[in-house]
Amino acid sequence: NAGVMQNPRHLVRRRGQEARLRCSPMKGHSHVYWYRQLPEEGLKFMVYLQKENIIDESGMPKERFSAEFPKEGPSILRIQQVVRGDSAAYFCASSPLESTEAFFGQGTRLTVV
Amino acid sequence: QKEVEQDPGPLSVPEGAIVSLNCTYSNSAFQYFMWYRQYSRKGPELLMYTYSSGNKEDGRFTAQVDKSSKYISLFIRDSQPSDSATYLCAMIPNQAGTALIFGKGTTLSVSS
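Note that the protein sequences, when read in sequence, are chains A and B.
Take the position in the first sequence, starting the count at 1, then add 428; the result is the number in the working numbering.
Take the position in the second sequence, starting the count at 1, then add 70; the result is the number in the working numbering.
Be aware that one or more of the hints could be misleading.
As the list claims (entries may be wrong) - Derived pair list, reagent style DSS-like, types lysine-lysine, alpha-carbon separation capped at 25 Å:
1) Lys174(B) <-> Lys472(A)
2) Lys490(A) <-> Lys472(A)
3) Lys174(B) <-> Lys140(B)
4) Lys490(A) <-> Lys174(B)
5) Lys112(B) <-> Lys472(A)
6) Lys490(A) <-> Lys72(B)
7) Lys112(B) <-> Lys455(A)
8) Lys140(B) <-> Lys472(A)
9) Lys472(A) <-> Lys137(B)
10) Lys455(A) <-> Lys479(A)
No wet-lab data here; the hints were simulated from the structure.
Start from the sequences and build out the full structure, keeping to the hints where you can.
Printed below as a string of C-alpha cells:
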C-alpha cells in the first residue's frame, strides 16, 4: 500500500516561471491537504480539497497560487510567476473520509533562482 | 497569542534518557491531538493520535492530553540516537476533514 506520493521531489524554477506540484493521496483517501514549510518554521496550512471541491483555502495566498483535485489524477498545487519568497518545502497530506489522521508525503522542495 | 505554542529547543539528551516534549494551545475547541516526527528533509511521520484526556502508550512513546489545562505532552522512554528528529504537535478543532494546526516543532538530539 503506497503512501502519499509527491513529485517532483525537487524543483528549480527561475523567477517568473510557473511551478506545478503533484500529490497522489493514499489509496482510499478522499481528503487532500497542502502545507508549506519554511526554514525554521512550522507547517503552515494552505488548502484543503476533496475530489473536485475546494473545502478550505484560507491559508492560500490570494494571488498566484491555486490548487485542484480533479475526479481523476493527482492533486495539483500551481504557483504562477514564482518569486524567491516561494522557495520552501511543500507537503501534501491525505486522510480517509471518516478519519482525522493525516499522512504526509515526502514533500517537494521548490527553489526559485 | 498563537493557537499552538511549542518550544523549538534544541533539546539534547544522552542515550537512554526520558524525553518530555510539550505543547500548549489556546483554542478549547481542539479535540484531536497528534504527534509527528520529522527527520531532516523528510515528510512528517504520524507517531501518536489521541482524542480524550489521559495517556496513550505505544512502545517507548506515551502521549498525554490535559484538556483542562490545554496542554499535551509526548514522552519518549529509553531514547535512542535514531529518535533524533524534529517533533511536531498538531491538533484539529473538530471532526474529520479539518486542517491540522501545527506547533513549530521541537528539535531533539540524542547522543550515544
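Each hint tested on the structure:
The straight-line distance between the Cα atoms of lysine 174(B) and lysine 472(A) is roughly 9 Å, inside the 25 Å bound, and the hint therefore holds. Proposed proximity of lysine 490(A) and lysine 472(A) is supported: the alpha carbons are some 15 Å apart, at most 25 Å. Between lysine 174(B) and lysine 140(B) the alpha-carbon distance is near 17 Å, which keeps this suggested pair within the 25 Å criterion. A C-alpha spacing of about 24 Å is found between lysine 490(A) and lysine 174(B), which places the hinted pair at or below 25 Å, so the restraint holds.
A hinted pair counts as satisfied when its Cα atoms are at most 25 Å apart, and lysine 112(B) with lysine 472(A) qualifies at roughly 16 Å. Using a Cα cut-off of 25 Å, the hinted pair lysine 490(A) and lysine 72(B) holds, with the two alpha carbons roughly 22 Å apart. For a cut-off of 25 Å, the pair hint linking lysine 112(B) to lysine 455(A) stands: about 21 Å separates their Cα positions. Simply put, lysine 140(B) and lysine 472(A) have alpha-carbon atoms about 21 Å apart, close enough for the 25 Å limit, and the pair holds.
For the suggested pair lysine 472(A) and lysine 137(B), the alpha carbons sit about 24 Å apart, so the restraint of at most 25 Å is met. Among the hinted pairs, lysine 455(A) with lysine 479(A) is consistent with the structure: their alpha-carbon atoms are about 13 Å apart, no more than 25 Å.
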